[in-house]
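FYI, the numbering for the sequence shown is 195 to 308, going by this note's numbering.
Just so you know, the hints here were simulated from the structure itself, not pulled from any lab data. Where is the CB? At the ideal position from N, CA and C, for every residue including glycine. Honestly, I wouldn't trust all of these hints.
[What the hints assert, rightly or not] So the derived label-pair ranges between C-beta atoms look like this:
hint, residue 1, residue 2, range
1, K300, M228, 43 to 51 Å
2, M288, S260, 38 to 46 Å
3, W203, D254, 19 to 27 Å
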Amino acid sequence: VSISTLLLWCLIVMAEALPSSSSIIQLQNLHPTMTPAERLEALAAQCKSLGIEKWDVYGDFDQTASTSYLRRFESEMAQEFQMEDAVFMPSGGMAQSIALLIHSSKDLDRKKSQ
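Make the full structure from the sequences, and use the hints.
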């Protein structure tokens with residue numbers, strides 16, 4: 195069972211929490227219908243059913259896809275997009291900074307080779 199399956203399950207739980215008359219799934223609901231305890235109980239039950247028994251830690255760079263949920267998620271995303279590898283970035287700011295660094299270093303390498 196994959197992390198993407200767990201993420202999909204979270205979206206389904208959020209959709210089920212909306213009133214049945216709503217045809218639009220709102221990912222930001224100002225008035226949640228589930229209490230925090232109910233939401234955590236549902237997530238705990240799903241973790242048990244998926245066999246997730248330890249915390250996922252960002253920065254477990256020495257782990258493999260078979261031992262790390264994060265590495266498994268990155269591997270699944272790389273396969274999904276038919277890429278060699280993928281990296282998870284916990285924030286948009288981090289992603290933008292790294293993208294700028296990569297593109298600026300390519301420009302520097304191209305200028306040096308001219």
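query = Among all the numbered hints in the text so far, which are the ones the structure does not match?
reply = Structure breaks hint 2 only.
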